[in-house]
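Same order as they appear, the protein sequences are chains A, B and C. Residue numbering for the first sequence follows the numbering used here, starting at 1 and increasing by one per position. Residue numbering for the second sequence follows the numbering used here, starting at 1001 and increasing by one per position. Residue numbering for the third sequence follows the numbering used here, starting at 2001 and increasing by one per position.
Keep in mind that a hint or two might mislead.
To be verified - Pairwise CB distance ranges (calculated):
(1) B:E1015 with A:D126: 28 to 34 Å
(2) B:A1010 with C:G2125: 34 to 40 Å
(3) C:L2050 with A:L49: 52 to 58 Å
(4) B:G1013 with C:L2050: 48 to 54 Å
(5) C:E2015 with B:N1046: 50 to 56 Å
(6) A:A7 with B:D1155: 46 to 52 Å
(7) A:N34 with B:A1081: 23 to 29 Å
(8) A:I14 with B:D1126: 31 to 37 Å
(9) A:D105 with C:R2091: 43 to 49 Å
No wet-lab data here; the hints were simulated from the structure. Each residue gets a CB set at the ideal place from its N, CA and C atoms; glycine is no exception.
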Amino acid sequence: MAGKIDARLAELGIELPDAAAPAANYVPYALEDNTLYIAGQVPFWNGELLHIGKVGDDYSVEDAQQAARVCGLNIIAQAKAALDGDLDRVRRIVKVGGFVNCVTDFGQHPAIINGASDLFVEVFGDAGRHARFAVGAGSLPMGVAVEVDAIIVVD
Amino acid sequence: MAGKIDARLAELGIELPDAAAPAANYVPYALEDNTLYIAGQVPFWNGELLHIGKVGDDYSVEDAQQAARVCGLNIIAQAKAALDGDLDRVRRIVKVGGFVNCVTDFGQHPAIINGASDLFVEVFGDAGRHARFAVGAGSLPMGVAVEVDAIIVVD
Amino acid sequence: MAGKIDARLAELGIELPDAAAPAANYVPYALEDNTLYIAGQVPFWNGELLHIGKVGDDYSVEDAQQAARVCGLNIIAQAKAALDGDLDRVRRIVKVGGFVNCVTDFGQHPAIINGASDLFVEVFGDAGRHARFAVGAGSLPMGVAVEVDAIIVVD
Chain A
1 MAGKIDARLA ELGIELPDAA APAANYVPYA LEDNTLYIAG QVPFWNGELL
51 HIGKVGDDYS VEDAQQAARV CGLNIIAQAK AALDGDLDRV RRIVKVGGFV
101 NCVTDFGQHP AIINGASDLF VEVFGDAGRH ARFAVGAGSL PMGVAVEVDA
151 IIVVD
Chain B
1001 MAGKIDARLA ELGIELPDAA APAANYVPYA LEDNTLYIAG QVPFWNGELL
1051 HIGKVGDDYS VEDAQQAARV CGLNIIAQAK AALDGDLDRV RRIVKVGGFV
1101 NCVTDFGQHP AIINGASDLF VEVFGDAGRH ARFAVGAGSL PMGVAVEVDA
1151 IIVVD
Chain C
2001 MAGKIDARLA ELGIELPDAA APAANYVPYA LEDNTLYIAG QVPFWNGELL
2051 HIGKVGDDYS VEDAQQAARV CGLNIIAQAK AALDGDLDRV RRIVKVGGFV
2101 NCVTDFGQHP AIINGASDLF VEVFGDAGRH ARFAVGAGSL PMGVAVEVDA
2151 IIVVD
């Protein structure tokens, strides 16, 4: 039986990627008590790595926003896997960490990480409103443009 | 009625900035159960962005310490807003994340983030003693010198 | 009386460093309720700072993996100190943050931070499996190659 958030995803026409396996010896999420820690997600879509590039050099702000949105979709996909498919158990996304792979004089990190933040509010409403940081990484795994992680309080 | 921490701030002659609105579609803090997540704060003071610069290039360690202190003041201001004005509800600042916008061969990040850490201990005493990381960001939003976030356990 | 994890460490021939004092005005761990926040650990071994270097420049991936392992050993040493010597109280390492000091076109961060992740699983088994991020820092304190922090849920 699809839940309210599943219905909201369908209404928005949002398709989730497969919950990707981690690239190394760790797990994509860890849930203890009612706190769900989601590992840093990169713009991975069903087996393919999208959005490789350094922002401000060979990569635009608009493309990086899209990369952040794909990271956000992967976070939702991992949360769904962690919660046995029931996204209605998401009480609140409390913290988002956003890393942008960019040149050293770049300054529009908030606009880029909005690609993930906007998605969370679109899908979860007020429960998607989170504290966050958005910073420039010197580099990111496999040269991806954006990496985003999250802490979610669940019921 | 002013609380003990308000009295301590007055005694120290410390003025808090207005709790700034976020620069993007997220919230400055998220409080669930007794854990308060404060968004990454930049050196913003009542509408003005202070402390723009890259440490080790055009920006000194001393100025960056001051930037970190202003980030810390904003964290306290956001905590006060989150706790309906009652800073006495701060049980413990448990984690601080410090990002320094600096050149790639810089190494004095701990001294800079002390600008925030020292403030927390000055104001909250032992309740202000926290675990933290202090790292170099390749770049930071709007070119600020420092960004600091925090996790606070509250009563 | 040595616990099960102490026995496991002995069986693996793993020696822990002394739990190092912090390099600045903060504490190496903060424990509230059942969540233990460990400060960012650098490759410090009983008074000596190992593994100084920028990966991809003067420092190899293999050496950086070893640096990450030493950071992980320091995390375990700090956890032991926080838990009055009883590592059996570690219920789950839920989150690891890994920062690699590397050149801007580097991409093998996951392989490096595995130096810490593999250690945690080796020592704690399933309780050592964690969500994590692995990103490139523009620089790190005192020029170390890797910095790792952790959040641990304890009993």
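Next item on the list: Hints the structure violates: just list their numbers, smallest first.
Entry: Violated hints (numbers, rising): 2, 3, 4, 6, 8; every other hint is consistent with the structure.
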